[in-house]
Amino acid sequence: MSENVDRETYSAARVRALESLLIEKGIITGETVDKVIEFFEKDMGPFNGAKIVAKAWVDPEYKQRLLEDTPAAIAELNFPRGMAGAEGENMKAVANTPEVHNLIVCTMCSCYPWPVLGLPPYWFKDPTFRARAIREPRKVLKEFGLDVPESVEVRVWDTSAQIRWFVVPERPEGTEGWTEEQLANIITPESMQGAAKVVVPA
Amino acid sequence: MKLQHYIGGLEGLEPSSFEKRVFVQPWEQRIFGIHVAMMALSNHLEAVKNVPTTFKSFWTWGHLRTGAEGLNPFDYFKYRYYEKWLGGISGFFIDSGYVSKEELDAKTTEYLENLEAPLPDGGEPAIDEQVIEYLRVGDSPKCEVEVQPKFKVGDVVTVKNPPPVAHCKLPGYLRTKQGVVDEVYDGAYNYYFPTGDGVGEPMPIYNVKFNSHEIWDNLTEPNTEIYVQIFEAYLEDPA
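Which chain is which? The protein sequence lines are U and X, in order. The opening position of the first sequence corresponds to residue 150 in the numbering used here, with each subsequent residue numbered one higher. The opening position of the second sequence corresponds to residue -9 in the numbering used here, with each subsequent residue numbered one higher.
Treat each hint with caution, since some may be false.
To be verified - Derived lysine-lysine pairs resembling DSS-like cross-links, with alpha carbons at most 25 Å apart:
| no. | chain 1 | residue 1 | chain 2 | residue 2 |
| --- | --- | --- | --- | --- |
| 1 | X | 74 | U | 346 |
| 2 | X | -8 | U | 184 |
| 3 | X | 10 | U | 200 |
| 4 | X | 39 | U | 241 |
| 5 | X | 140 | U | 241 |
| 6 | U | 241 | U | 204 |
| 7 | U | 204 | U | 291 |
| 8 | X | 39 | U | 184 |
| 9 | X | 199 | U | 212 |
| 10 | U | 184 | X | 46 |
| 11 | U | 274 | X | -8 |
| 12 | X | 140 | U | 291 |
Keep in mind the hints are simulated off the structure, nothing from the lab.
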């Protein structure tokens, strides 16, 4: 085995030992962890954010309300209970425009709007991203495949107090007449943190 | 300074990895689930009073972060995100007397011999109900108290330079910098516990705008603005 496999195997055994003892001692149950994982697979994930953005794209008045009072606008839609739950208690949407590109970062750790985007992906948690995005965002975005010209203002949002931001990306050309469901299908988690644009699949 | 607070702006790094997965190893999901359960069963939550768990501690993001910020910074970067969680959370359960290091080590050895060995089953369903209820309800820091914000939109503010504490909510790169209040968030926000540098009691939070060049001088890019949400305790009038 390589050193890397040892490290991962050890962690896998260690966490299983811990979970096992916590169950034996009555702290959690044999199903607690599975239920938490399932919650983020079924109820709270980026599929919620995609529906919100798709609605904002087809309904400019809704978009306005979303930017002005994000929780109230989210509450208008038919989601499972919990859109103002853990890590979504105080969310705020910011919109990309032809003149402004927004990028969300949490330089101190990994604050992320769970109900709308689910759990933070590795790139967002990566200390290298956190270090660089706040100082050279265009360079980082270029490495991610997104070229933001100097004529476009970049706004980097460092989320470190109690507000959780997400981005309403721009609607791509070629989607005129699409249904909200069709639109939601092409909206990625990365685009809702400003790390990518939404593109129409070829 | 603690390097953990000063990650924003570090130079000389490699290109960023665009790894889109949330978990890169299956075991990472398990420690994530354990942390969520601990937050959901924390004794500061009113809803937990009648839940039949043997967990009797105060556990929040603030506690997890205090552990990560307390690491020797050269160790901090040796571990992946969920490796730090696993170390911090295991250490907490040992230090608090819920499990002994010996039994955790022995159990780890058992699972190393057979990772597929089953977990115990059973337990009180009311525990799981509270965990999911916590996820749906959250633990909002927003408080129903009247506060008069010291600053208003358009005010120029200076970021204070308080002595470092065990857990800090102020990104290091902002210390002593000047910005402009862009938004005063509605209401007042507390933190799970007093951090020792002013944060804790309900207070306003501001969205403050900084020009990238004000912070990084010429080591940044043109046409770039930085917006940061900052607790009032970290801000003062310019000298």
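Checked hints:
Note on residue 74 of chain X and residue 346 of chain U: the hinted pairing is violated, with a Cα-Cα distance of about 32 Å set against a maximum of 25 Å. Under the criterion of a C-alpha separation no larger than 25 Å, the hint pairing residue -8 of chain X with residue 184 of chain U is inconsistent with the structure, at around 37 Å. Restraint check: the Cα-Cα separation between residue 10 of chain X and residue 200 of chain U comes to about 20 Å, which is no more than 25 Å; the hinted pair holds. With a C-alpha separation of about 32 Å, the suggested pair residue 39 of chain X and residue 241 of chain U falls outside the 25 Å cut-off, and the hint is violated.
Distance check on the hinted pair: residue 140 of chain X and residue 241 of chain U sit about 22 Å apart at the alpha-carbon level, within 25 Å; holds. Proposed proximity of residue 241 of chain U and residue 204 of chain U is supported: the alpha carbons are some 16 Å apart, at most 25 Å. Using a Cα cut-off of 25 Å, the hinted pair residue 204 of chain U and residue 291 of chain U is violated, with the two alpha carbons roughly 29 Å apart. Only pairs whose Cα atoms come within 25 Å are accepted, and residue 39 of chain X paired with residue 184 of chain U is accepted, the gap being roughly 21 Å.
Only pairs whose Cα atoms come within 25 Å are accepted, and residue 199 of chain X paired with residue 212 of chain U is accepted, the gap being roughly 23 Å. Between the alpha carbons of residue 184 of chain U and residue 46 of chain X the distance comes to roughly 21 Å, so the proposed pair stays at or under 25 Å and holds. For the suggested pair residue 274 of chain U and residue -8 of chain X, the alpha carbons sit about 19 Å apart, so the restraint of at most 25 Å is met. For a cut-off of 25 Å, the pair hint linking residue 140 of chain X to residue 291 of chain U is broken: about 40 Å separates their Cα positions.
Of the numbered hints given earlier, the model fails hints 1, 2, 4, 7 and 12; all others are met.
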